[in-house]
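Asker: What follows is each chain in one-letter form.
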Amino acid sequence: MAAHPTRRVVLAAAATLPLAAASGCDGVDVLAAPPRPAPDVGQLRAAISAEQLMVARYAAVLASATGAVAAALRPLLAEHQAHLAQLRSRLIVPAGSPTPPPRPPAGRPAVPSAPGAAVAFLREAEQAAAAALLGRLPQAPASLAQLFASIAASEATHVPVLGAVAGQ
Amino acid sequence: MSGRGATGPDAIGALQAALAAEHAAVYGYGVVGANLTGSARATATADWVNHQVARDRLEALLRSRGAQPVAAAVGYQLPVTVRTPAEATALAVIIEDRVATAYLGLVAVTATALRRFGAVQVQAAALRAAAWRGSTVAFPGLTASALAAPRRA
Numbered sequence: 001m002a003a004h005p006t007r008r009v010v011l012a013a014a015a016t017l018p019l020a021a022a023s024g025c026d027g028v029d030v031l032a033a034p035p036r037p038a039p040d041v042g043q044l045r046a047a048i049s050a051e052q053l054m055v056a057r058y059a060a061v062l063a064s065a066t067g068a069v070a071a072a073l074r075p076l077l078a079e080h081q082a083h084l085a086q087l088r089s090r091l092i093v094p095a096g097s098p099t100p101p102p103r104p105p106a107g108r109p110a111v112p113s114a115p116g117a118a119v120a121f122l123r124e125a126e127q128a129a130a131a132a133l134l135g136r137l138p139q140a141p142a143s144l145a146q147l148f149a150s151i152a153a154s155e156a157t158h159v160p161v162l163g164a165v166a167g168q
Numbered sequence: 001m002s003g004r005g006a007t008g009p010d011a012i013g014a015l016q017a018a019l020a021a022e023h024a025a026v027y028g029y030g031v032v033g034a035n036l037t038g039s040a041r042a043t044a045t046a047d048w049v050n051h052q053v054a055r056d057r058l059e060a061l062l063r064s065r066g067a068q069p070v071a072a073a074v075g076y077q078l079p080v081t082v083r084t085p086a087e088a089t090a091l092a093v094i095i096e097d098r099v100a101t102a103y104l105g106l107v108a109v110t111a112t113a114l115r116r117f118g119a120v121q122v123q124a125a126a127l128r129a130a131a132w133r134g135s136t137v138a139f140p141g142l143t144a145s146a147l148a149a150p151r152r153a
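Residue numbers (the working numbering), protein chains in the order written: chain A, 1 to 168; chain B, 1 to 153.
Treat the hints loosely; a few may be bogus.
Residues from chain B that face chain A, not an exhaustive set, calculated with beta carbons under 10 Å [stated by the list, open to error]:
hint : residue
1    : Val-82
2    : Pro-85
3    : Tyr-103
4    : Ala-108
Counterexamples of contact, computed for chain A against chain B with all Cβ distances above 10 Å [what the hints assert, rightly or not]:
hint : residue
5    : Ala-56
6    : Thr-66
7    : Ala-68
8    : Arg-123
Honestly, the hints are just simulated from the structure, not real lab data. No residue lacks a Cβ here, since even glycine has one placed at the ideal position from N, Cα and C.
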């Protein structure tokens, strides 16, 4: 279709460079001052930690869940894992940075042992996680705010799913 | 972030885009409901009313900012042919996904109140979409290209 696809690709790539440089998140100018963490890095790290906790909680509940409960929880866990991967892909840590990327919490988080209580616990955790992300919107840059809002919406849709599981 | 004003052209444009999506949703749900019966039709009617309320809210937000709200089109070309309940359900999912995407545009503006309003509407659309779809998705409203685009230079 395009007459000069290669040239178009080059032009498109060049067009993104000023934007990336202006954002100041991972400049390639070796003579510039050492990169400082962008103001949104703290928001992103907190969101990553929260998502890691949700993944760990689902894994802990699934470790003893069976049947219909396990079948309902697995797709929700997969969505949290997708959230976590997408959030991590947005985090660019400069080489030699004093703060390493967030690491998963050591050990298994405490979750109720009874299946009904465990599902209710996850339901409340989803509501809290979605609310926390909405609270991060004012300080987040535009693209990160959109990701936070989308993840919060996904977590909000988990709430009625878990409510239906608990009612079984 | 740039120094865009709280009621600058980005906010007006995002509000107009969300309003256009709501106009299309109001039209689309008329078709959805007409092809459903029973409780599914009742759900479609409730969702239709929700989109009318959201449309009116967006029009008020635009007028309060001195902007003329975009009008609904006389007709809309549907993205799918709708003759059966299954096709009506598929259309409802498409409508809600598009509405969620439009409201994510509002989440990108600088005005905090509009961001929150947009995010709440993304949630509402995602909940309706999940009910029609019968399952959830990881990133309501976000397109594959938005997810694939890393911020690296």
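Asker: In ascending order, which of the hints set out earlier in this document are inconsistent with the structure?
Answerer: 1 and 2
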